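Since the structure of chain R is provided, determine the placement of chain X on it from the hints.
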Amino acid sequence: MNVPVITGVGAVSAFGVGFPLLREGLRAGACAVGGIRSMDVIHFPLKIAGEVPVVHTDDAWVASSKLPPVWRSRAWDGALRDRKVAFALLAAAEAWRHAGGSAELAHACVVMGVGLECAFLEDALPLYDGTHVHWEREPAADIPVIRFRTPPDAPARMVREALGLTGRHLVHVDACAAGALAVAHAASLIQRGAARVVLCGGTDSMVNPFGLGGMWRLGAPSPRNAADACRPFDLQRDGLVVGEGSAMFVVEELSHARARGAPFLAHVAGWASTQDGYRVTAPRPDGSAALRAMQEALERAHVTREDLGYINAHGTGTRLNDEAEATAIAALLGRSVDNVPVSSIKGAIGHLMAAAGAMELAACLVPFLDGVLPGTTNLKTVDPACPIHVLGPQPVRADVDAVLSNSFGFGGQNASVVLRRAP
Amino acid sequence: MALAQVMDAQLDRSRCGLFLGVGASAGSLTELTALLKASVVDGELNGERLGTQGLQACHPLFTFQLMNNFTLCHGAIALGLQGPNAAFFSRGEGTWCALEEAVYALEDGRCSDVIAGGADSALHAATWVELRNALHPSVPVPSEGAAMLRLSTSPKGALAHISLMQHPWEGTPDADVVVQTPGSIDALGQLQAAGPAMGWCVALDLIVQHGKRRVAVLSTGVHEETSLVVLERTSP
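Protein chains in written order, with the working numbering: chain R, 1 to 423; chain X, 1001 to 1236.
So that you can see chain R by itself, here it is in the shape it has in the complex (with noise of 0.2 Å):
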């Protein structure tokens, strides 16, 4: 059996461009919620989100960033206006430079977890005649990138595009789970043979009129403008914070890496999908599905319960997902709940969306390198419908050998990853 490893990883977050800014935010405690800055919020309900500081994601902020030498002179045809698109770049640009990617590895495959269409009203306005948009009047040529709206692969496509690769391209669209299924199914390329090195991870923005708008008419969003808005497990929690960016990571063969002299961060050992088959608008209550969803992981892992060391949850602050999550959480760890550590990072970087399971998996690397468990940002009593040993908003230090992590999209769909400590 082919053992998947992971051999680099990159991150863009709230807490800047880099995955070591984000291991250092998480091990201080820190929180990165704030005031939005990268578009005109005074008339919107929402005002805070997890935002990468960045005001404009154009071409300038992409050359300024530490990018292989290949890409600087690049121009990206108007596709950075999408925020997610310019993260993804970053982020595997740097994920790929700290795997020793080379022109030896393009083979490579990509599968990357995309959030929905980014779209821009302005492109739209032309066509617009104050009743109808006459789409028709659009004329037939050659378009850039983007126009009217974010082709969901365009930000796999250029990644793959820009760093040479020649494996395919894949794009899971799976809501606020497809980063983590990403990876998963990268690891599961990697252990069946299909693959030998997968540039994986997901990348997702709703910083933008149509994404703050939207969100805050499905009444997820708390309703409280201020940093600490999103308490995740909290007794007093009432909704999500929106956040931004993008996690990415190569994973390759143990015995492909071990040739190549790559370092290992750790071992994508288990992960699982299940459905709620449920409803759109809320979690199965008694989170069956999603227990069904870590069980499975944790047996493809050969992980116990007892061998857990810590549970990244997908945590999002609202009233259903956080009860839902700890009834199943409580019911996978039995008599060990007591034992088995419990946070989540979204009260410090917001709710990424598609974009979230991977970045929290990279929060699940932090336990490894650093023996530092990240906290429960914002949380100050555990609401005691969530029978959980949650950790509040101080980092914890630990030691150990296997986490889970959970990431539950909108719609029903239930992903579940296991890393190991490299071997």
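Note that these hints are calculated values from the structure, not bench results.
All values derive from a computational prediction rather than experimental measurement.
There could be a bad hint or two in this list.
As the list claims (entries may be wrong) - Residues from chain X shown here face chain R by an in silico Cβ test under 8 Å; the list is partial:
#, residue
1, 1038
2, 1051
3, 1055
4, 1069
5, 1077
6, 1086
7, 1097
8, 1184
9, 1187
Built from N, CA and C at the ideal position, the CB exists for glycine as well.
Same frame as chain R, now just chain X:
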């Protein structure tokens, strides 16, 4: 509707997998028009109007209409499917990937039944404009549809054996008939994510209704990726 056609009372829905290739967002353009109507002042988007009346003009669940995975999720919810699952964006390639993952879910023992297919609509105005520009100047006829295969590890009642060939495919497949998508079923129009799955269903029909022994489906995505699926009649 396509999903419902592959259901029956014997299926264990709590374990049945579902892997789909899906297209671009197909949110209602009525919602977009309502938002613009409330937000445009003197031909320009007005931030204040957008943040107030514009958002209120949209249905509260508009974002859910836009989410690409809801093609899968609505089906799973309506039919109570709770097994392994994933949705792949597809303009051809992702649907083959859905089938690949479905077959692997069976081989891996994660479930004993799984549904794989694709669903899409190129009739959505925004999608059609994108396709027309992407495929310019050889613009196909826009179309829509869905096609699903139910796969099982049990040979009972099997119509055909399915196998996936090496990807990407080059060469001439060994088969009685080769169905090409796009190509062989262009009379149905440009089906996008549903195209390869529709080809598999046509192949199955050729075996079950027309006595063919072995039918290959060669699919080419919008970015020229190719994939090959072979369906072979099971022994009587």
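Going down the list of hints, with the structure as the test:
Interface restraint check for residue 1038(X): the shortest CB-CB distance to chain R comes to about 11 Å, outside 8 Å, so the restraint is violated. Annotation: interface hint on residue 1051(X) holds; nearest CB of chain R at approximately 4 Å, less than 8 Å. Contact between residue 1055(X) and chain R, as hinted, is supported at the beta carbon level, the nearest pair being about 4 Å apart and thus within 8 Å. Against a cut-off of 8 Å between C-beta atoms, the interface hint on residue 1069(X) holds, since the closest Cβ of chain R lies about 5 Å away.
Taken as an interface hint, residue 1077(X) checks out: its beta carbon lies about 6 Å from the nearest beta carbon of chain R, inside 8 Å. Among the interface hints, the one on residue 1086(X) holds; its C-beta lies about 6 Å from the nearest C-beta in chain R, closer than the 8 Å criterion. Here the hint on residue 1097(X) is kept, as its CB sits about 5 Å from the closest CB of chain R, short of 8 Å. Hint status for residue 1184(X): violated, given a least beta-carbon distance of 24 Å to chain R, over 8 Å.
Residue-level restraint check for residue 1187(X) is violated (minimum Cβ-Cβ distance to chain R is 23 Å; threshold 8 Å).
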